Amino acid sequence: MAPIRKSAALTASKVGATRKPRVPRREQSDSWELLHRQRSASSAEDDDDDDEANAMALQLSTPPPEDVSESVELRLVAERVGKEVEVFAETIDKFYDDLAGIASGSDVEDRAERHEAAHELVVRLRELAEEAAAEVGGQASEDSKLLQEARDFTQEAETWELFRLVIELHHNPNAAGLAEQKQDRLAKMGSVHRYTSEHQLFDRFLLEDDLAMQRWKIKSWLENSAAQDGLMENLQKQAGNARSGWMHTREKIKGEKRSRTWPSPDSSPLPQLRSKDGELVATSLDPDAALRQDRSLMSEDAANERAMWQVVWAMLRRGAEWPDICEWCEGRQEGWRAVLLESGLAQPDAPANVAWRKMCTVASSARGIDDHEAAVYALLGGGNVQAVNAVSHGVDDQLFAHFSAALSQQFDHYLQANYPDRVPPAYRKAAVGSAANADQAQNEINDLIYSLRKKQDTKDEAALPLKIVQSYLFANETESFVHTLGSAIVETGMLTGNTGDLAERIKRSQFPEAGVLASPNGLRIAAHVCLVLQVIREDSLDPEDADVEDNIVEAYIQTLRASGKRDLTPLYASRLQIARYTKAQAKVLEDVKKASEMKQLLNLMVPRDMDVMAILEYQLSSLLQKLKGESKETPKFSMLEQSDHETLPGRGIKVNALPTEQSTDEKRLVQSLAWYIQITGHWKETFSALTRAVRTALVHGRFALAHAIFAQYPSGTITERKSNEVLGQTFDFLSEDEAPTDLALRSRYNVMLRQVKVYMQLEQLITALATMSDYRSAEATYLDAKPRPVSVPRPLTQAKDLVNDIMGTLLQVPFLVESANEAEAVDLSVIRQVYLTEAIIAYVIILHSAARVISRGSLLRAMDVPIAVAKEELRLTGPFVDSGRMGELVELLARCAKALVVLQGSSKKKLVGGRDLGNRIGKQVSIWAVGAQRQAIEGREEMV
Numbered sequence: 001m002a003p004i005r006k007s008a009a010l011t012a013s014k015v016g017a018t019r020k021p022r023v024p025r026r027e028q029s030d031s032w033e034l035l036h037r038q039r040s041a042s043s044a045e046d047d048d049d050d051d052e053a054n055a056m057a058l059q060l061s062t063p064p065p066e067d068v069s070e071s072v073e074l075r076l077v078a079e080r081v082g083k084e085v086e087v088f089a090e091t092i093d094k095f096y097d098d099l100a101g102i103a104s105g106s107d108v109e110d111r112a113e114r115h116e117a118a119h120e121l122v123v124r125l126r127e128l129a130e131e132a133a134a135e136v137g138g139q140a141s142e143d144s145k146l147l148q149e150a151r152d153f154t155q156e157a158e159t160w161e162l163f164r165l166v167i168e169l170h171h172n173p174n175a176a177g178l179a180e181q182k183q184d185r186l187a188k189m190g191s192v193h194r195y196t197s198e199h200q201l202f203d204r205f206l207l208e209d210d211l212a213m214q215r216w217k218i219k220s221w222l223e224n225s226a227a228q229d230g231l232m233e234n235l236q237k238q239a240g241n242a243r244s245g246w247m248h249t250r251e252k253i254k255g256e257k258r259s260r261t262w263p264s265p266d267s268s269p270l271p272q273l274r275s276k277d278g279e280l281v282a283t284s285l286d287p288d289a290a291l292r293q294d295r296s297l298m299s300e301d302a303a304n305e306r307a308m309w310q311v312v313w314a315m316l317r318r319g320a321e322w323p324d325i326c327e328w329c330e331g332r333q334e335g336w337r338a339v340l341l342e343s344g345l346a347q348p349d350a351p352a353n354v355a356w357r358k359m360c361t362v363a364s365s366a367r368g369i370d371d372h373e374a375a376v377y378a379l380l381g382g383g384n385v386q387a388v389n390a391v392s393h394g395v396d397d398q399l400f401a402h403f404s405a406a407l408s409q410q411f412d413h414y415l416q417a418n419y420p421d422r423v424p425p426a427y428r429k430a431a432v433g434s435a436a437n438a439d440q441a442q443n444e445i446n447d448l449i450y451s452l453r454k455k456q457d458t459k460d461e462a463a464l465p466l467k468i469v470q471s472y473l474f475a476n477e478t479e480s481f482v483h484t485l486g487s488a489i490v491e492t493g494m495l496t497g498n499t500g501d502l503a504e505r506i507k508r509s510q511f512p513e514a515g516v517l518a519s520p521n522g523l524r525i526a527a528h529v530c531l532v533l534q535v536i537r538e539d540s541l542d543p544e545d546a547d548v549e550d551n552i553v554e555a556y557i558q559t560l561r562a563s564g565k566r567d568l569t570p571l572y573a574s575r576l577q578i579a580r581y582t583k584a585q586a587k588v589l590e591d592v593k594k595a596s597e598m599k600q601l602l603n604l605m606v607p608r609d610m611d612v613m614a615i616l617e618y619q620l621s622s623l624l625q626k627l628k629g630e631s632k633e634t635p636k637f638s639m640l641e642q643s644d645h646e647t648l649p650g651r652g653i654k655v656n657a658l659p660t661e662q663s664t665d666e667k668r669l670v671q672s673l674a675w676y677i678q679i680t681g682h683w684k685e686t687f688s689a690l691t692r693a694v695r696t697a698l699v700h701g702r703f704a705l706a707h708a709i710f711a712q713y714p715s716g717t718i719t720e721r722k723s724n725e726v727l728g729q730t731f732d733f734l735s736e737d738e739a740p741t742d743l744a745l746r747s748r749y750n751v752m753l754r755q756v757k758v759y760m761q762l763e764q765l766i767t768a769l770a771t772m773s774d775y776r777s778a779e780a781t782y783l784d785a786k787p788r789p790v791s792v793p794r795p796l797t798q799a800k801d802l803v804n805d806i807m808g809t810l811l812q813v814p815f816l817v818e819s820a821n822e823a824e825a826v827d828l829s830v831i832r833q834v835y836l837t838e839a840i841i842a843y844v845i846i847l848h849s850a851a852r853v854i855s856r857g858s859l860l861r862a863m864d865v866p867i868a869v870a871k872e873e874l875r876l877t878g879p880f881v882d883s884g885r886m887g888e889l890v891e892l893l894a895r896c897a898k899a900l901v902v903l904q905g906s907s908k909k910k911l912v913g914g915r916d917l918g919n920r921i922g923k924q925v926s927i928w929a930v931g932a933q934r935q936a937i938e939g940r941e942e943m944v
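Counted the way this note's numbering counts, the sequence shown spans residues 1 to 944.
Errors might be hidden in some of the hints.
Here are the simulated lysine-lysine pairs, DSSO-like style, with alpha carbons at most 27 Å apart [said to hold, decoys possible]: (1) K684 / K667; (2) K786 / K654; (3) K565 / K217; (4) K757 / K667; (5) K593 / K565; (6) K276 / K254; (7) K507 / K145; (8) K667 / K599; (9) K459 / K83; (10) K455 / K219; (11) K626 / K83; (12) K83 / K667; (13) K565 / K599; (14) K654 / K667; (15) K145 / K188; (16) K684 / K626.
These are calculated hints, taken from the structure and not from any lab test.
None of the values given here were measured: they were computed from a predicted structure.
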């Protein structure tokens, strides 16, 4: 399928929306293929095509890509990305540094400066490609891969030169200045008079007609690019160094002359000389003999003749000057060929050559003439494109034929319109040719490119990545190329994270431009073309168009990411729209593991005015979204199990109760939070992100993730580091004694304390649960030991003391009741219902067990739990009621009371610590009667 242009390419644009015209840029056609159809269709059919295009856009348009392609194919493409990407990055970085010194205004002077800077950048990019081609070519020798790589770099250099021409011809904002320069040059030429040569008129023609100048420069580019293909040397070798003309034919004629009487030239009848193949041989040696007599040369001479014309054609095709052609012909005693070309190539003082060109055109159509000889005449005459196409071997040859003929015909039209006395009367009507009409010229090149993509002998070459780029440059449709390629990226799913066969999807794409994506050089060129257009573009793109253009730069960023060149990504990401660079760079950050590399990337992003916190926020949100899933049910979390062990109150804590396994996405999330630690300052954002990650993990039942976050980022360590960065002093926010005494500093400290409070309390909760699990493991080791040790092991007593310390603090202050926003309040409510209630119940179980294993004094602590739950300011009643676990708590506390009574009656000694039961609140065992209390509580739950 032919390339689709802006209005028909698939985009994220609104269906049916009319694009605003960009002045002075002309309205661009839909596509070469659609354009071809439209000129032969009715207006009604045009409307149908528009509806179909809009429907396609609606069906295929997608939101901005959400993920990076991590497919094997993308990595394979990335592996072929050479060191040139680093050199290009250095060059573009310097370009932006220089651009910073140029005003960003919209006046002509500022735009002209930016245009000049962009022009110099493209020249430098071309030079880099040329240097790479020379370097690789010097190493190539007979290595076919290196030779191909050298050719690829050469073609890239040619592409940059073509883009430079497009910038020079079509994007210069100083139209008034250019017009003034033209007038100055025309004034220096002086007025036209009878002695003014056609050569001088041609120079004037190029200055007066912009279209002619464009065609001439494109034609010159095609000549220069052909000079790099090495074909010329091969043809010259084939032609050899013969210096005796038609040697075999001459010897044949001489032999016949010796054996019989020879008639005068062209007398009738001619002698019947035949070659070995039985063909009649010319009887004269003048250049026109074979054609005039309708005979052939001896086969050896005919082959040599074809080779000679091939070389002459190749030299003209490559823009060789007449002295070079003359020297080559004279060196082989074929000077008549050079004389034949002299009128068109070597007579700058000739007043007119219109008649000569017409004769060349007629000669190119003569019957029996060699194809390459006909092509030479057609090229000199400029009126027989078919003869040139007959010897064309590729896309560029046929483009050359088109531009050469169009320029020649346009010049003849110019002469007839402005200087009719230079055109012989017999040729004045025939000299009209193609009028210098820009729209017609655009249609002609569009049709030609369309046909080249369809023709059997050129369609494969026309589909090559750089040929695709060049085709758009020939047609001055750079913006359409960017839009079409950006749309192809959407269609192939290159940025969606699809790990399918990218190469196959590119092959199946409705966009031929998708082939550029499979070439690292092609994608690199396209990305840098976008960057240049951003600088020289007169009007800002519509949001939809800008988003499609960003697809190309983002695709290049992901190629750099896949190749491990992450340090280059901020340079390119900073050129995207904020929403796009936020997403693109966030994906790059996921790959970074080392703190040193994090610092390096931060140091590259901050100076480019990138919103680093927005990038980190998007990265965190993306990773959290993957973990959330679709379920909105209350998370299921339990450390407990039924048990009839003598030390337990009917329930116990499971050994290894807490999950420890983390998924890959969970590990990525933990790693991503390190960015907040590495960036200097940003206290609020850091603890907001850490808190959000933990509460999201807990609300979705991912306890192992929450535990891993605190293990990696303990509040004490982070607060000390960040407080020093923000306040200039190190503070331990876990201790009130550390609060600053300075009033101004104290005010900021209090704000920071509120911002970190939830994170510290969540850490306390997770630590409490983890500590109780550790206690249970130590207890199981002790109880299951055979034989059981006489004394309680120290690790067990230490674990129990740690549980007491943490839970004692937890039950003394309002816990997880303050929130920064409504979303956090909802999450904390769930966490209190699920995890806080579990922690308190598990604590009661541990106290009951510890009373029999370690010390009966643990039951005294159990008597403090209901007091804490009952305190209104601690707001602990609500979570138990809302979760339906109040009855479970009361029953366990009743069992503790019963155990307390039993232990009290079995010993008159004071409990461990020297404290008597009479000194503790709750000493009256009757208040722990289960029946009445539980009925009252269950009634309250029903009311709630």
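Taking the hints in turn, this is what the structure says about them:
Only pairs whose Cα atoms come within 27 Å are accepted, and K684 paired with K667 is accepted, the gap being roughly 23 Å. For a cut-off of 27 Å, the pair hint linking K786 to K654 stands: about 20 Å separates their Cα positions. Simply put, K565 and K217 have alpha-carbon atoms about 38 Å apart, too far for the 27 Å limit, and the pair is violated. With a C-alpha separation of about 25 Å, the suggested pairing of K757 with K667 holds against the 27 Å cut-off.
Restraint check for K593 and K565: satisfied, since their Cα atoms lie roughly 14 Å apart, inside the 27 Å limit. A threshold of 27 Å between alpha carbons decides the hint, and for K276 with K254 the separation of about 16 Å falls inside it, so the pair holds. As the CA atoms of K507 and K145 are separated by approximately 23 Å, the hinted pair is consistent with the 27 Å bound. The hinted pair formed by K667 and K599 meets the criterion: a straight-line CA distance of about 20 Å does not exceed 27 Å.
Proximity of K459 to K83 is assessed by CA-CA distance (about 32 Å); at most 27 Å being required, the pair is judged violated. The straight-line distance between the Cα atoms of K455 and K219 is roughly 22 Å, inside the 27 Å bound, and the hint therefore holds. The hinted pair formed by K626 and K83 fails the criterion: a straight-line CA distance of about 35 Å is larger than 27 Å. For the given pair, K83 sits about 32 Å from K667 by alpha-carbon distance, which is inconsistent with the 27 Å threshold.
Proposed proximity of K565 and K599 is supported: the alpha carbons are some 15 Å apart, at most 27 Å. Taking the CA atoms of K654 and K667, the gap is near 26 Å; set against the 27 Å cutoff, the hint holds. Distance hint between K145 and K188 is unfulfilled; the C-alpha atoms sit about 52 Å from each other, more than 27 Å. As the CA atoms of K684 and K626 are separated by approximately 24 Å, the hinted pair is consistent with the 27 Å bound.
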